[in-house]
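Let chain A serve as the given structure and place chain B on it in line with the hints.
Protein sequences, first through last, are from chains A and B.
Here numbering that gives the first Met the number 0 is used: the first residue of the first sequence is 0, the next is one more, and so on.
Here numbering that gives the first Met the number 0 is used: the first residue of the second sequence is 0, the next is one more, and so on.
Everything labelled a hint here was simulated from the structure, so no lab data went into it.
Each hint can be trusted.
With a straight-line Cα cutoff of 30 angstroms, these simulated DSS-like cross-link-like pairs (lysine-lysine) come out:
#: 1; chain 1: B; residue 1: K248; chain 2: A; residue 2: K233
#: 2; chain 1: A; residue 1: K233; chain 2: B; residue 2: K417
#: 3; chain 1: B; residue 1: K159; chain 2: B; residue 2: K372
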Amino acid sequence: MKAPRLSAPVLLLTPAVIVLAAVVLVPLALSLYSSFTSFRLTRPASFFNVIWFDNYLSILTNWDFWVAFGRTVLLLTVALNLEMLLGLGLAMLVERATRGQRVLRTLMMFPMMFSPILVGFQFKFMFNDNVGVVNNALQSLGLTDAAIPWLIDGTLAFIAISIAEIWSSTSVFAILILAGLLAMPKEPIEAARVDGCTPWQTFRYVTWPFVMPFAYIAMTIRSLDVARAYDIVKIMTDGGPAGRTELLWTLVGRTAYGDARMGMANAMAYVSILLSIAFTYYFFRKLAAARTQIGAEW
Amino acid sequence: MTKLLAGVSAGVIVLMVPGLAAAQELPGKFAGVTIEAKLIGGQQYEGLYNRIAEWESATGAKVNVVSKKSHFELDKEIKSDMASGNITWCVGSNHSSFAPIYEGLYTDLTPLIPKAEIDAFVPGNIAASTIDGQLVMLPRAQFDVSALYYQKSLYTDEAKKKAYKEKTGNDLVPPDTWEEVARQAEFFAAPPNFYGTQFAGKDEGVVGRFYEMLIAEGGEYLDKDGKPAFNSEAGVRALDWFVNLYKAKAVPAGTTNYVWDDLGAGFASGTIALNLDWPGWAGFFNDPKSSKVAGNVGVKVQPKGSSGKRTGWSGHHGFSVTESCANKEAAASLVWWLTNEDSQKLEAAAGPLPTRTAVWAWDIEQAKSDPYKAEVLTAFQEAAQHAFPVAATPAWTEISNQIFPELQAAILGDKTSKQALDDAAAKASKVLEEF
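Next up, chain A with everything else stripped away, as it sits in the complex:
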């Protein structure tokens, strides 16, 4: 009897499937499973103690979790919108540059080259109430004579963290939107000009629809980034003081590694992922609509 022979496509796909299973599916399945257990890192045996939906039920009534959830959504909204606006502005300015555009593009990407941990340290010191450059500048300019507690007051700390996020990632938007601007055919703009459109109308009805798909791609990427914001916040405030700047992933990180409650943390993480899925779904729909509008063929 001959051994059954696998068809060529199956054979060729097998390595990829095995690698994917090893690095994605198995860990994913294990973490999903552990979210139904009382798994504590310090007690390996608890990995087998299945408690079904207890973790998820206690998340439903966990006020701290939902506050962190809400704060993350707010950060997403604020950071994405501002990054979009600033990135669009930057891209349009750079596109206008007739000389040194390459240098400008490289310069623009500088913030992306820093590790988020270092960005966190940098902004932590800038916003330090006593020795930080921000307060120092404000005091020297005579705008205030108080030491503004940037990283202590909940609202101010939110602003400080947003600024750090926006500083480090606006260039993602700028680069992608710039790509859109450069790829855009010039005829429609010339036609609009000939037809007597104002610059605003040209932008609103010609340029903007063309770059919109690029903006939505950037939005999708960044929404995933911000929804899992961790490193910058970890360094700047570590979710504190007294939980005033807690975001989803600082909470998950603390629960998992600080409190060693890995099962609970995984459950939180799965609930948090819903947020990312919702944003991704929303932006992809917008992207599809925008592409249809300009009749894109890609």
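Quick look at chain B alone, frame taken from chain A:
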């Protein structure tokens, strides 16, 4: 006669016992023995390991360093070794703050090391290396405790002295109690340009500071049954010290977000009068390139709390021998070698504080030509005598993570001290129950 003989032989046995206890001549001979070791890595720690080769040629044994990693990596590795029961190595780097976690892993060194050698260490360091009556490690010259740094010029300013005397009726001298620190801090503070003092305000930093203040106020962190006991009257007094300074704006408003780097930068900026801090900063504070207070830094032993006890949260590195080690004598000899006088001198010469009394004296003698360094070392030597480790619970880190947001809530005025401590105790109890 029989009685006499019995008496004599008993006497002989008694005489022999110390001889037995000092079982080995150090470093001893261990030809053919191989000791596997897991050591802490990093520039600051590795200079010492050059001395391993000398031990090998003195004893004929071999050392195989199976792992050399940062403290946290090593900690993870050791924990997974413990979980899998796979302890095939003999010597491990240890730390006083983490030693309680490795319950049952390391052997008692008392029978393996001559008593005179153990007595040559600073008693506080030996106490901090002893868990449940077992000496689980020998301390190396990598010791940390905080002493009080201050700006000298504040105490020579005649106008300030006069004003302070008028305001409080006391002389303005570097403080010796925490109550005095608070009083002087409020007196010196002139926000937003100058503050009386500052403190670590998040993570383990604020918990450690609260913990030592609690001890200095006569309180207990955990009671004898291992239950949280810090929400006592002493606990409220300890926490109120932080709360009141914050309320009086005698500390920077951002202090609840500070950890060590922020605190170091703060004192070096010249905007802080008094600063309880670690020995590692001494050079930085007095270096004109990094510090605006260079040349103006005084250091003295950390102040006392209302119980008369000084603060003294401390930690030190050391080496331990595993319980499952096949050749404990050889392993203990290596541990002794890495912590003996010559080894400690080698490490202390690079800056870190020693843990042997004789090396302290040597270290201070070496610094004679540098008055600042001599002042620093003298202050820290005294500080070391009052040092104590973190509460001996394997759950220290987990408890700290639960407590610090509550301490912050009290300091920021979101909760009263009592309420915050009660909430913290409830959370800590839950952690301990589940531990």
